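On the provided structure of chain G, position chain S as indicated by the hints.
Chains as they are written, first to last, in this note's numbering: chain G, 54 to 266; chain S, 54 to 266.
Among the hints, erroneous ones may be present.
In silico DSS-like pairs for lysine-lysine, Cα to Cα no more than 25 Å straight-line [to be verified]:
(1) Lys140/G with Lys140/S
(2) Lys194/S with Lys207/S
(3) Lys93/G with Lys93/S
(4) Lys207/G with Lys259/G
(5) Lys140/G with Lys76/S
(6) Lys76/S with Lys259/S
(7) Lys93/G with Lys191/S
(8) Lys131/G with Lys140/S
(9) Lys191/G with Lys89/S
(10) Lys89/G with Lys259/S
(11) Lys194/G with Lys93/S
(12) Lys131/G with Lys129/S
(13) Lys129/S with Lys183/S
(14) Lys76/G with Lys191/G
(15) Lys57/S with Lys140/S
(16) Lys175/G with Lys191/S
(17) Lys129/G with Lys140/S
(18) Lys89/S with Lys89/G
(19) Lys183/S with Lys183/G
(20) Lys131/G with Lys191/S
(21) Lys183/S with Lys191/G
(22) Lys93/G with Lys194/S
These are calculated hints, taken from the structure and not from any lab test. Just so you know, these numbers come straight off a predicted model, no measurement behind them.
Protein chains: 2
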Amino acid sequence: MVVKVYGAGYGSAKRVIACLIEKEIEFETIPIDLLKGEHKHPHFLQLQPFGVVPVIQDGDYTLFESRAIIRYYAEKYKAQGTDLLGKTIEERGVVEQWLEVEAHNFHPPVYNLVLHTLFSSKLGFPADQKVIEESEEKLGKVLDIYEERLSKCKYLGGDFFSIADLSHLPFTQYLVGDLGKEQMVRSRKNVSKWWDDISNRPSWKKALDVCNP
Amino acid sequence: MVVKVYGAGYGSAKRVIACLIEKEIEFETIPIDLLKGEHKHPHFLQLQPFGVVPVIQDGDYTLFESRAIIRYYAEKYKAQGTDLLGKTIEERGVVEQWLEVEAHNFHPPVYNLVLHTLFSSKLGFPADQKVIEESEEKLGKVLDIYEERLSKCKYLGGDFFSIADLSHLPFTQYLVGDLGKEQMVRSRKNVSKWWDDISNRPSWKKALDVCNP
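The shape of chain G in the complex, shown without the other chains:
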């Protein structure tokens, strides 16, 4: 069964695409144009009542929330492709811890930077300079903690690549790319090495090709 991924061009959906590629799962992408409001159409709201992307359909199984989707495929196909959860329940616990850190500490400030720097004019609201400055400061503090963590192990969840690292790919890509803030990564030796490692995985290069053809 080919997995259908709705909204594949957007940041959070790239998490799902990178995971499906790591797990060697066949998929097709179905575009959803947020600027045209397609995510608020009744048909889409039947799949995702909050009206956000991504959503997957896998036969008659539908799932939304990108981090729930990557957990599902990492567990369902544990023995296929890259193992993204760790070998033991304790290792998975630490992976889950850093996936939560990504969601609650890393993502909000970098999302605000993306929103106010790259999308505010497209979405028709003024960029808030105060939000931009505060977000950059918060993100810097988070990256300082990552720098310390990555001095002790190669990846966030331990000495193996996991969904905790994978989940950082889309928005760190914005940070070093369109946001022009590569220095925030490069000024931290261990974060810089980690970024080179995870962003050079063939899965991420392929995900970018699929999502930004």
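Relative to chain G, chain S alone:
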């Protein structure tokens, strides 16, 4: 091994306490006084570099982020106490989806209501009336979607109680209690029935006794 829970009096830590009780795991609570800044002491930052509660210590295993901790115990002791994850990987996927909804859609507005209504004066900043109004409006929309979901199944993750429901307990308790917004729950028939069900579980009553003696 008795699990040590740091910061048990606070909202997110109650998630962990409720889970440990459901799983019949022995624990002890270690108070951390946020108003005295104990969460920023070097000793605590060694356990939790972001300086927030809760943290658990289980022998030499340390874990933070409340939703990572409840996933860990739900999985490690799957066959002990209440099963909180569902029987199949597909059921767990749906549980994870609604746990993510709790974290990203439900929690932020209710947390803002708690912060600006109950804690702003203690923490020494003025309550922002605009944030309060916007948060209540956002929360209302989320609860409308819950009302629809709970018309189709007894609990958020399906017809079984799970970590997705459990994770809502501490901040819904604030909502119907100290925030004085019980009407937001009671005006929605299915949400109201769900709240009566989950808040009357012996585990939650015991968690409140442990945390607010």
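Structure-based check of all given hints:
A threshold of 25 Å between alpha carbons decides the hint, and for lysine 140/G with lysine 140/S the separation of about 21 Å falls inside it, so the pair holds. Taken as a hint, the lysine 194/S and lysine 207/S pair is honoured in the structure, with Cα atoms around 20 Å apart against an allowance of 25 Å. Using a Cα cut-off of 25 Å, the hinted pair lysine 93/G and lysine 93/S is violated, with the two alpha carbons roughly 43 Å apart. Among the hinted pairs, lysine 207/G with lysine 259/G is consistent with the structure: their alpha-carbon atoms are about 23 Å apart, no more than 25 Å.
Among the hinted pairs, lysine 140/G with lysine 76/S is consistent with the structure: their alpha-carbon atoms are about 23 Å apart, no more than 25 Å. Between lysine 76/S and lysine 259/S, the direct Cα distance comes to roughly 13 Å. Compliance with the 25 Å bound is thereby established for this hinted pair. Taking the CA atoms of lysine 93/G and lysine 191/S, the gap is near 16 Å; set against the 25 Å cutoff, the hint holds. As the CA atoms of lysine 131/G and lysine 140/S are separated by approximately 17 Å, the hinted pair is consistent with the 25 Å bound.
Distance restraint check for lysine 191/G and lysine 89/S: the Cα-Cα separation of roughly 22 Å lies within the 25 Å cut-off, and the hinted pair is therefore satisfied. Restraint check: the Cα-Cα separation between lysine 89/G and lysine 259/S comes to about 50 Å, which exceeds 25 Å; the hinted pair is violated. Note on lysine 194/G and lysine 93/S: the hinted pairing holds, with a Cα-Cα distance of about 14 Å set against a maximum of 25 Å. Between lysine 131/G and lysine 129/S the alpha-carbon distance is near 17 Å, which keeps this suggested pair within the 25 Å criterion.
Restraint check for lysine 129/S and lysine 183/S: not satisfied, since their Cα atoms lie roughly 43 Å apart, outside the 25 Å limit. Our distance criterion of 25 Å between C-alpha atoms is broken by lysine 76/G and lysine 191/G, whose separation comes to about 33 Å. With a CA separation close to 29 Å, the supplied pair lysine 57/S and lysine 140/S exceeds the 25 Å bound. For the hint pairing lysine 175/G with lysine 191/S, the CA-to-CA distance comes to about 23 Å; that is within 25 Å, so the pair holds.
Proposed proximity of lysine 129/G and lysine 140/S is supported: the alpha carbons are some 13 Å apart, at most 25 Å. Taking the CA atoms of lysine 89/S and lysine 89/G, the gap is about 50 Å. The hint is violated against a cut of 25 Å. Our distance criterion of 25 Å between C-alpha atoms is met by lysine 183/S and lysine 183/G, whose separation comes to about 17 Å. Restraint check for lysine 131/G and lysine 191/S: not satisfied, since their Cα atoms lie roughly 37 Å apart, outside the 25 Å limit.
Between lysine 183/S and lysine 191/G the alpha-carbon distance is near 23 Å, which keeps this suggested pair within the 25 Å criterion. Pair hint lysine 93/G plus lysine 194/S holds up; C-alpha atoms about 14 Å apart against a cutoff of 25 Å.
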